[in-house]
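**Student:** Chains as they are written, first to last, in the numbering used here: chain A, 1 to 85; chain B, 86 to 941.
Please keep in mind that the hints were generated in silico from the structure rather than gathered at the bench. Please note that the accuracy of each hint is not assured.
Listed below are the simulated DSBU-like cross-link pairs for lysine-lysine, each with C-alpha atoms no more than 30 Å apart in a straight line [as the list claims (entries may be wrong)]: (1) B:K596 - B:K662; (2) B:K866 - B:K533; (3) A:K54 - B:K244; (4) B:K739 - B:K635; (5) B:K137 - B:K499; (6) B:K596 - B:K244; (7) B:K533 - B:K244; (8) B:K753 - B:K662; (9) A:K2 - B:K499; (10) B:K596 - B:K499; (11) B:K499 - A:K54; (12) A:K54 - B:K736; (13) B:K499 - B:K866; (14) B:K572 - B:K533; (15) A:K54 - B:K226.
Quantities reported herein were computed from a predicted structural model and do not represent experimental measurements.
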Amino acid sequence: MKTLNDIAPGGRVRIRRHRSDGAVRQRLLDLGLMPNVVVTVVRSAPLNDPIELKLDASNVSLRRQEARTIEISPVEADPAESGHG
Amino acid sequence: MAEQRSDQQKGQSQVLVALAGQQNAGKSTLFNVLTGARQHVANYPGVTVDKKYGLYTDDALRVQTVDLPGTYSLTSFSLEERVAREFLLGERPDVTVNVVDASNLRRSLHLTLQLLELELPLVLALNMMDVAAAQGIRVDKEQIARRVGLPVVATVGRKGEGREALRAAIRAEAERPAPSLNQAPSRQAEAARAAVDYGPLEPALEQLTTAIAAEPRLNDLPRRWLALQLLQGDTAAVQMLVGRLGDDDARPLREQAGQLIQAFEREQSIEVSDHVVARRDQAVERLLDGAVEGASDGRPSITDRIDRFVLNRWVAPFFLVATVFAIYQVSIVWGYEITNYTWPLLAKFRELVAGLLPTANFLVDPYVRSLGLWLVDSANTLLNYVPIFLILFASIAIIEDSGYMARIAFILDKILHRFGLHGQSTLPLILGGVFAGGCAVPGVMATKGIPDTRARMATIFTVPFMNCLAKVPLYTLLLGIFFVEHKSLMMFYISTMTIIFALLVAKLLTKTVLRGQETSPFVMELPHYHLPTVSGVLRRSFERTWQYIKKVGTVVLAVAVVVFALLHLPGLSAERKAAYEAQAQEAVERFEAGLEGNAYRDIALGANLVPLVNYFTDYKRAKLNASGAEASARVAERFEARNPDFYPLVKPPKGDRDARAAWRELRKLSQARQVLRSEMRNERITTSILGTIGRAMEPVTQFAGFDWKINVALLSSFAARESSVATLGVLFQQDDDQNATLEERMGAEARAGGATALLAVSMILFFALYPPCLATTIMVKVQTNSYKWMVFSIVFPTILGLAVASAVFTIGTAVGATGIEAMSAVYWGAAALLLIVGLLSDRSANRQMRERLAET
Numbered sequence: 001m002k003t004l005n006d007i008a009p010g011g012r013v014r015i016r017r018h019r020s021d022g023a024v025r026q027r028l029l030d031l032g033l034m035p036n037v038v039v040t041v042v043r044s045a046p047l048n049d050p051i052e053l054k055l056d057a058s059n060v061s062l063r064r065q066e067a068r069t070i071e072i073s074p075v076e077a078d079p080a081e082s083g084h085g
Numbered sequence: 086m087a088e089q090r091s092d093q094q095k096g097q098s099q100v101l102v103a104l105a106g107q108q109n110a111g112k113s114t115l116f117n118v119l120t121g122a123r124q125h126v127a128n129y130p131g132v133t134v135d136k137k138y139g140l141y142t143d144d145a146l147r148v149q150t151v152d153l154p155g156t157y158s159l160t161s162f163s164l165e166e167r168v169a170r171e172f173l174l175g176e177r178p179d180v181t182v183n184v185v186d187a188s189n190l191r192r193s194l195h196l197t198l199q200l201l202e203l204e205l206p207l208v209l210a211l212n213m214m215d216v217a218a219a220q221g222i223r224v225d226k227e228q229i230a231r232r233v234g235l236p237v238v239a240t241v242g243r244k245g246e247g248r249e250a251l252r253a254a255i256r257a258e259a260e261r262p263a264p265s266l267n268q269a270p271s272r273q274a275e276a277a278r279a280a281v282d283y284g285p286l287e288p289a290l291e292q293l294t295t296a297i298a299a300e301p302r303l304n305d306l307p308r309r310w311l312a313l314q315l316l317q318g319d320t321a322a323v324q325m326l327v328g329r330l331g332d333d334d335a336r337p338l339r340e341q342a343g344q345l346i347q348a349f350e351r352e353q354s355i356e357v358s359d360h361v362v363a364r365r366d367q368a369v370e371r372l373l374d375g376a377v378e379g380a381s382d383g384r385p386s387i388t389d390r391i392d393r394f395v396l397n398r399w400v401a402p403f404f405l406v407a408t409v410f411a412i413y414q415v416s417i418v419w420g421y422e423i424t425n426y427t428w429p430l431l432a433k434f435r436e437l438v439a440g441l442l443p444t445a446n447f448l449v450d451p452y453v454r455s456l457g458l459w460l461v462d463s464a465n466t467l468l469n470y471v472p473i474f475l476i477l478f479a480s481i482a483i484i485e486d487s488g489y490m491a492r493i494a495f496i497l498d499k500i501l502h503r504f505g506l507h508g509q510s511t512l513p514l515i516l517g518g519v520f521a522g523g524c525a526v527p528g529v530m531a532t533k534g535i536p537d538t539r540a541r542m543a544t545i546f547t548v549p550f551m552n553c554l555a556k557v558p559l560y561t562l563l564l565g566i567f568f569v570e571h572k573s574l575m576m577f578y579i580s581t582m583t584i585i586f587a588l589l590v591a592k593l594l595t596k597t598v599l600r601g602q603e604t605s606p607f608v609m610e611l612p613h614y615h616l617p618t619v620s621g622v623l624r625r626s627f628e629r630t631w632q633y634i635k636k637v638g639t640v641v642l643a644v645a646v647v648v649f650a651l652l653h654l655p656g657l658s659a660e661r662k663a664a665y666e667a668q669a670q671e672a673v674e675r676f677e678a679g680l681e682g683n684a685y686r687d688i689a690l691g692a693n694l695v696p697l698v699n700y701f702t703d704y705k706r707a708k709l710n711a712s713g714a715e716a717s718a719r720v721a722e723r724f725e726a727r728n729p730d731f732y733p734l735v736k737p738p739k740g741d742r743d744a745r746a747a748w749r750e751l752r753k754l755s756q757a758r759q760v761l762r763s764e765m766r767n768e769r770i771t772t773s774i775l776g777t778i779g780r781a782m783e784p785v786t787q788f789a790g791f792d793w794k795i796n797v798a799l800l801s802s803f804a805a806r807e808s809s810v811a812t813l814g815v816l817f818q819q820d821d822d823q824n825a826t827l828e829e830r831m832g833a834e835a836r837a838g839g840a841t842a843l844l845a846v847s848m849i850l851f852f853a854l855y856p857p858c859l860a861t862t863i864m865v866k867v868q869t870n871s872y873k874w875m876v877f878s879i880v881f882p883t884i885l886g887l888a889v890a891s892a893v894f895t896i897g898t899a900v901g902a903t904g905i906e907a908m909s910a911v912y913w914g915a916a917a918l919l920l921i922v923g924l925l926s927d928r929s930a931n932r933q934m935r936e937r938l939a940e941t
């Protein structure tokens, strides 16, 4: 199963499921990383970790450690679908 | 509450207003606009952890305003959220203002829905309307107001726009009668129910709400909210239940909740909390549908464009180094130059106090005088740093407010995380003085923004290893004596070894004593860039500097008194005192004999003698402090005016032979007096309590090469680092003229005593690892909320510092290493160790991650 950690900068994906729980999961959800939301991987930090994501109206950074717990799926072809999921 | 009611009876009513909102929504800025109070503002996530109060009056209404910590939601996972939630539940403010980022409503309104569920009277402040407009987002305020059923006000906190409208909305809401919770069907309860439709969860929610309603002891909590928390397995809500009902009575409710959760998750095959978030998101979507237009048109924003440059893989490190260097240059280097202008003011203040205190005796000064001057000197050393701190704090405020601080955390997290720290440890380390010049007190204070407890603790204990401003004088002193030809290399070592030591120690602590501490993920918003406002930056700069003066000043002054006592007690024995008196008497008699037949004899002798000698000393010091011919002339004028009779004796007029002879005698007497005084002081310190402790420590410290004098200096530096140099100054007191610098004196005496550059290295290393000063340990107590950790912050570095210094000195002496050789060996050894630890921890982290993922 592909995770957010596998996506190169520039990639747009849809969040499927969180494998984390407790505080990590809540924090990810709170910052808008909810299932079905489409995110863009903007860049990784100069030392490759953490990574920066672009959401609807905000940018969020997280470590690859956490990115590995977020399962993703490709964004459907229909552009109208991918607005803000 | 009782007070509030009595106020109302007097016709003056007071209301309690809470500001709640997500981080980076501009809540703190709006709080300032609303109340005009001084307080901390930044868009660095997590800066406001304390509850902040402010008061304003609006007609007859006294509005007590509380700025709650910024929270993304109201779960019980983080400390901030627990604090905010408990305040809202416990105090039930008359009005809660929910500050939301108008340019990011989709995320912000999640919190709004949760606040609605608490059944609180709410006002919605759509903040940062200008940012939204700049991004082409149009927000239909009226439509949102209708849909959420709340008063909605548009504000731009940074420009102070919308203040009156917000105050009016608060007043209107406060004046509406709010029925007590759970008494009758209220507007708030209805709004809470209407806020989110939880669909398939509703039957379970209904059932549990009814069960809760049957229990009068839960009457002070919003029922639907409590039911929802219980269904999500919220630990704090369960605690609330148990706290109010006791274990036995809580059990049926907990069991019922458990069964409902199981049934729901079986039927829907989704966790309750995920379902709740998803339903809330749908509710937000419906709220915004048609009310907000133009969001995310795909054009790169200004922030995107700046980040493309600033966070570029190759540019980022240079930009970061340039930024830190700019802070260093502006605050430390230029700030230090400003102290050249402010120091004379402090010196003048000392003179002023010296003039007010009882005058000096010939040999032993009154305690009031010596203690008074001791306190002024201690205060002055601290106040001397004020210009530096003002600039330092202003530059840091600019970096925080602009949004770059979060980027620094983003860039450096990888390295810092590897050693057990956190990307957000950067600010505390910079404040502590990464390269040269900072202060551990604001550094430790700033750690409260770090969300990861273990990394926060590790940061608290490593910030004192930074080069605080007060360590610098000792380094400068030692380099000036022992490393004249290697000064720049040594300076490089000293200014960069701090971070090496800090990372190694952080790793060590994380692996040992801090092992069991809670950690949390690095999931952080990178806020939009903002231009910092002048008033915001100045306010914070003054506020933090004031905090420094207040917190540090009081403690340092208190400790200065203790150190003074330890240095003065028990004092000289009566017979030693008599012996000194006798010698003084001889010197005076010599002076009298020398003035036999002199025209100035009557002016100089008798009751005038002590004032004259003091006058002479004051004049000499004033001359020494005066720079330039003009200042020198002013000193002459001043002293001539102060006592025209004495003046010819300190500055004999040309051709006046008697005056010249008297001046020579006076100089001899003054010198004799100084020798006696310094001998007495030396003897007093040697026999003092602190001297005794210092000597008692010699058996241990000898391995590091420290004799009792150095021990005393290091002990007194615990009060405040600055005093190490001051104490050394006293200990290595010169014998005759006041003109030899401390470097020369200490150098001569130290070399005579067999001290080497190796000893200097040992001292530098010990000083670099030495426990934080007292003010910092107090701050450690505040930030860790534990005396145990405070004691740890003193004991651990002492042992570490002594061990390192002893190893270097003993081994260095055995192999006959020079100072610079020893220092190079230590530095590169530590750097190599850092590299090895860094590489190893990366591999072990990867392994752990693979194992963890294999499990799932």
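**Student:** Are any of the numbered hints broken by this structure? If so, which, sorted upward?
**Tutor:** Violated hints (numbers, rising): 1, 4, 5, 6, 12, 14; every other hint is consistent with the structure.
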